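Asks: Sequence lines, in order, name chains F and E. Here this note's numbering is used: position 381 in the first sequence is 381, and no number is missing along the way. Here this note's numbering is used: position 68 in the second sequence is 1068, and no number is missing along the way.
Possibly wrong hints are sitting among the right ones.
Stated by the list, open to error - For lysine to aspartate or glutamate, the following DMTMM-like pairs were computed, each having C-alpha atoms within a straight-line distance of at most 20 Å:
| hint | chain 1 | residue 1 | chain 2 | residue 2 |
| --- | --- | --- | --- | --- |
| 1 | F | Lys428 | F | Glu510 |
| 2 | F | Lys90 | F | Asp79 |
| 3 | F | Lys592 | F | Glu267 |
| 4 | E | Lys1337 | F | Asp79 |
| 5 | E | Lys1337 | F | Asp149 |
| 6 | E | Lys1111 | E | Asp1299 |
| 7 | F | Lys592 | F | Asp566 |
| 8 | E | Lys1337 | F | Asp102 |
| 9 | F | Lys428 | F | Glu456 |
| 10 | F | Lys592 | F | Asp190 |
| 11 | F | Lys90 | E | Glu1250 |
Quick caveat, the hints were computed from the structure, so don't treat them as lab data. Quantities reported herein were computed from a predicted structural model and do not represent experimental measurements.
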Amino acid sequence: MSVTKTPLPACSVTGLRVVLGRGGPDVVDDIAFDVAEGEILALVGESGSGKTTLATALLAHTRRGARIDAGTVVLDGRDLLAATPAEVRKRRGSEVAYVPQDPSASLNPVMRIGRQIREVLDVHHAGTPAERTARVRQVLAEVALPDDDEFLRRYPHQLSGGQLQRVALAMAFTLRPRVLVLDEPTTGLDVTTQAHVLATVRDLCARHAVAAVYVTHDLAVVAEFAHRVAVMYAGRIVETGPRERIFRAPAHPYTRALLAAVPSVTEPRVLEGIPGSAPSPGRRPSGCRFHDRCAFREPECTDAEPALVTIDDSEVLARCRRAGHVRAQPLGFTVASPDGSAGSAQRPEPVLRVRDLSARYGSRPILHGLDLEVGRNECVAVVGESGSGKSTLSRCIGGLHEEFDGTITFRGETLPPGARRRSREMRKAVQYVFQNPYLALNPRMTVGQIIRRPLELFGLARGADATRRVHELLGQVMLPPALHDLRPERLSGGERQRVAIARALACEPELLICDEVTSALDVSVQASIVTLLQELRESRGLSMLFVTHNLALVRSLATRVAVLSDGRIVEEGETAEVLDRPAAAYTRRLLKDTPGHGSELRHGGHESR
Amino acid sequence: MSRSAAEAAAVPATIMSRRREARPAVRAWTRWLLRRIGLALITLWLISLLVFAATHFLGDPARAILGRSATPERLAALRTELGLDRSAVRQYVSWLGGVLTGDFGTSLATKGPVSALIGGKIVNSTVLVAVSAVIIAPVSAVIALVSARRRDSATDNVLQVALLTTAALPEFVIGILLVTLFSTVVLTWLPSVAVSWTGSPWTDPVVMILPVATLALAVVPYVARILRASLIEVLESDYVDMARLKGVPEWSAVARHALGNAVVPAIQVMALQLAWLAGGVVVVESLFLYPGIGTALVDAVRNRDVPVIQALALLIAAVYVVVNLIADVLTILVTPKLRTGVR
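All chains, please: the whole structure from these sequences, using the hints.
Replies: Have a look at this one:
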C-alpha cells in the first residue's frame, strides 16, 4: 500500500533530546519526524546509535540514568512529554503502545499470558469485566494465536519465541493505539517466524490506520516493510525520506556504507564493513559525527555539524555538506566472480566427512542420519531455522556434544565424541568460534592472555616468541596492538569476535567451525568479519563450516550450502545452484521468507543479471 | 499467512497432549516430593550417626560425670547403669529406637525423662524464634524496597551503612549494647534478664523485647541486603519496564511485577536465617538467661548431660533440614517454570 495523499501526522516529534545524568552528554539530539496514519517509519541504526533510547522516549520513558531534556512528542494534538505523570501513564498503552525487543525477557515470567494482556485493559479501566475478557480473546485471534482458556492460562516459558512476540503484539494492539513503537521485534526470531510477525504487523497497521515506528538494524527488513526510513548515527538522524529513494540513491555517506555492508540473497556481493566503530555518548567527535569514518570527508567536515536539510527538492533530508555529491555517485556493488573451483570442476578432497550422524539430547532425537563433507579450502554453510539441529551438528563435530551415533572423520581419522577423548593434534586442528562473543571470552583475562593461551597449551610458541605471535594474530584479525592489554569488557562486540577468531587461529587449525558468529553483531561489523573470514580462508587454506540462519550471508561467503530441516539435510549443493534453483520445497520457503528477496536491496545502482 | 495458520492449528494438538499430561505432572510432583523427603530422612539419619559418634566416642560420659577421682568400681557401676558396657552399635540402635518412638532417654542431671525436661523449653524457643521471624521478614522487606527504589540516593546510602555496621557486630555485642542502652546504664526501661521468669512467654511479654530485638538486629541486615540486590535486579528487568510502558501505575508495577519475581530469593534467605536462628538462639538465650533450648543446651554441656545434648543437637539439625525442605517446596510452588516442568 502507499501512503495516503494528505497524511495527517499521528505522531509528530520535534527537537527531542535525551541526555545522560545532569548536563551529561546527549544520547540522542535534534530528533524530528512525523509519522502519518497507516505509515511505517523505519528507524535504522547500529548499536550505539541511540535508536532504542529514542524509541522509549516516544513513550516519555528513559532507562535509568538518562533523562529527556528537551523536545515534544505530539500525539493526537497534545504533547506527551509535557503531560503529568498520571496523564502519561493513561496515554501509554491507549494512544501509544510499545512492542519490546525480546519478548521472552519483557513478559513477566510469573504471570499468566491472559492476565498480562488483560492488565492493559484493567489499568486503563476499559469497558466492563466481561468486555475485557472478550477483547483479550479477540486480540489474540487478531495476531493468529489461540484464544481458548488453556492458552490464556499459560506462562511465557510455555510459548515459542514467535508466539511470545505475537503476545507482545496483542498486548500493544489491545486498546487500538494510534501509534505503535516496535523496538527490533524480530531480532531473535528465525526468518520464517519473522516473516509472519512482520506480515501481522503490516496487516494490523493498515487495517486500523496505526502509525508505526519500527526500530531495527536490519536493512533487509526495512527494504520490504517500511514506507519511510530514518537512518540514525551517533544520536542524530542523518538521513530520512521515502524508502525507495533512500535505497536507490542514498544522500548520506553512512547510509551508503550501511547499504554496502548488507549481503544479498540473489548475488554474491563483496561486503564492505565500515572502518572503526560507532562512538558512544560522550565520545562522539565534534563537527559531523560521522567524519572520522567517512569516505567522502573534507577538511571542513570537522568544523561544524551540518543541519538536516532537504536535498535537491526531493523528499529526502540529509545531514551532510556533500549530500548532493554523495547522492550523485551511483550506488554499485562489487559482485564476486564465480568461484574458480565451481561448476564442473572437481570438489577438493574432503577434510571432514560426517557419515550417518544421529544426535540426541537425552531421549530427544535432534539429528537423523546426516551425511556431510567439507573439502579442503571450502566453506560449507549449514542453514536452517532455529531448532533444525544446526548448532547440534557443529557441536558434535567440535567435540562439545557427545550423545551421537555415526562417524565423523577428519583427514581420514575418526574423531571420537567429545573433545576430551580426542588427541592433541585433533583438538588443535579443529577450532570453534562461538555465536555470542560476549560470553565466549574469559572476562578475567586480557586479550593478550586469551590469544596466548592456546599457543602455550599446544606448545606452538613460548616467551617472547609467543608475544610476537600474539601481535601477528592481532594484526591478522585487524585489531590494533593497543588492545593487547585490555580485558574483553572494554571491547565492542565486533572486536570481541575478532579476538575469538584470533584465539582459534592461534592453534593453526585446518577446520574452523563458525556457529552463527555474526548474529549478535551489526551489519557493518558482520560485513568486516565475513570479509576477514573470507581472506583467512584464501590465505591460509582453511576449511570452514559456517552455521547460520542468514541465507544472504551464505551467498557472500560459502562455496557450498547444506539446508537442514528437523535434523535432516534436505538439500546440499553449490551455493549459487541451491539459492538460484532450490530443489527442496523447504529451501524455497526459506528463500521466500528471507527479507530483501525481490525488493530495492536487490538492484541498487546496477542491473547486471 | 499459511505458516501462522499452521501454527495456530498445531496448538490445539499441544493442548491435547498437555491435558493428557496433566496426570503425569501430578505424578511427577509426588515422585519429586517423596524423593526429597526420602533424602531429608537420610540426612537426618546421617546426622543422628554424627551426633551419636560425637557424644559417645569423644570421651567417656561416666568418667566425665564422676571426675578424675572416680574409683574403677564406681565407674563400672555407672557404665552398667547407663548401658555404656554394651557395644557402640547396640547403644546406638537402642538410642535411635527410643528417638523414633519419642523417648529421648533419661537426663543424667535430673534423672527425669529428657522430653519432659526440654519440652517446655522448646516451646519457649519456638515462640522467641517465631516472634523474631514475624518481625524480621516485613522489616527487611520494607528496608530492601525503600533502598532498591531509591538506589544510590542519600536514603539508600545511609541505610546501607547502617545495615553493614549492624551486620559487622556479633549478636552478643548487639545484645550487650541493647542491655546497656535500655536496662542498665542509660535507661532502665526493660528487664535485662529473663531469669526470674518461669511462666509461658505470653504471660510476661516484656522480657522478650530485648532477646527479640537482638535476634532481629542480627538477622535483618543480611536479609535486607540480599533482598535489596534481588529487587534491584528485578526492578530493572525488561518486564517491569514493559509494565510501565503499558501504562501500569508505578506502585502496581512494583507490587505485581517486581515483588512476584523477587520472592524466590526472599524465601531462600529467610529459610537460611530461620535455620540459623534455631542455633543462634543459644548465644542470645544464654545472654538474657532466657529459658529456651539455648540455655538448656549450655546447661547440658556444662553438666555432661549426654542424652539432653543428643536430643537438642538432633532437634536443631532437624529444624535445618525441615526448613530448607519447606523453602524448596515453596520455591517450586511460586516459580511457574519449575512448577510446570518438574521432573
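Asks: Evaluate each hint against the coordinates.
Replies: Hint check results:
1. Note on F/Lys428 and F/Glu510: the hinted pairing holds, with a Cα-Cα distance of about 8 Å set against a maximum of 20 Å.
2. Only pairs whose Cα atoms come within 20 Å are accepted, and F/Lys90 paired with F/Asp79 is accepted, the gap being roughly 13 Å.
3. Restraint check for F/Lys592 and F/Glu267: the C-alpha separation of about 15 Å stays at or below 20 Å, so the hint holds.
4. With a C-alpha separation of about 42 Å, the suggested pair E/Lys1337 and F/Asp79 falls outside the 20 Å cut-off, and the hint is violated.
5. With a C-alpha separation of about 19 Å, the suggested pair E/Lys1337 and F/Asp149 falls inside the 20 Å cut-off, and the hint holds.
6. At most 20 Å may separate the alpha-carbon atoms for a hinted pair to count; E/Lys1111 and E/Asp1299 meet this at roughly 15 Å.
7. The straight-line distance between the Cα atoms of F/Lys592 and F/Asp566 is roughly 19 Å, inside the 20 Å bound, and the hint therefore holds.
8. A C-alpha spacing of about 18 Å is found between E/Lys1337 and F/Asp102, which places the hinted pair at or below 20 Å, so the restraint holds.
9. Distance hint between F/Lys428 and F/Glu456 is fulfilled; the C-alpha atoms sit about 12 Å from each other, no more than 20 Å.
10. The straight-line distance between the Cα atoms of F/Lys592 and F/Asp190 is roughly 13 Å, inside the 20 Å bound, and the hint therefore holds.
11. Between F/Lys90 and E/Glu1250, the direct Cα distance comes to roughly 12 Å. Compliance with the 20 Å bound is thereby established for this hinted pair.
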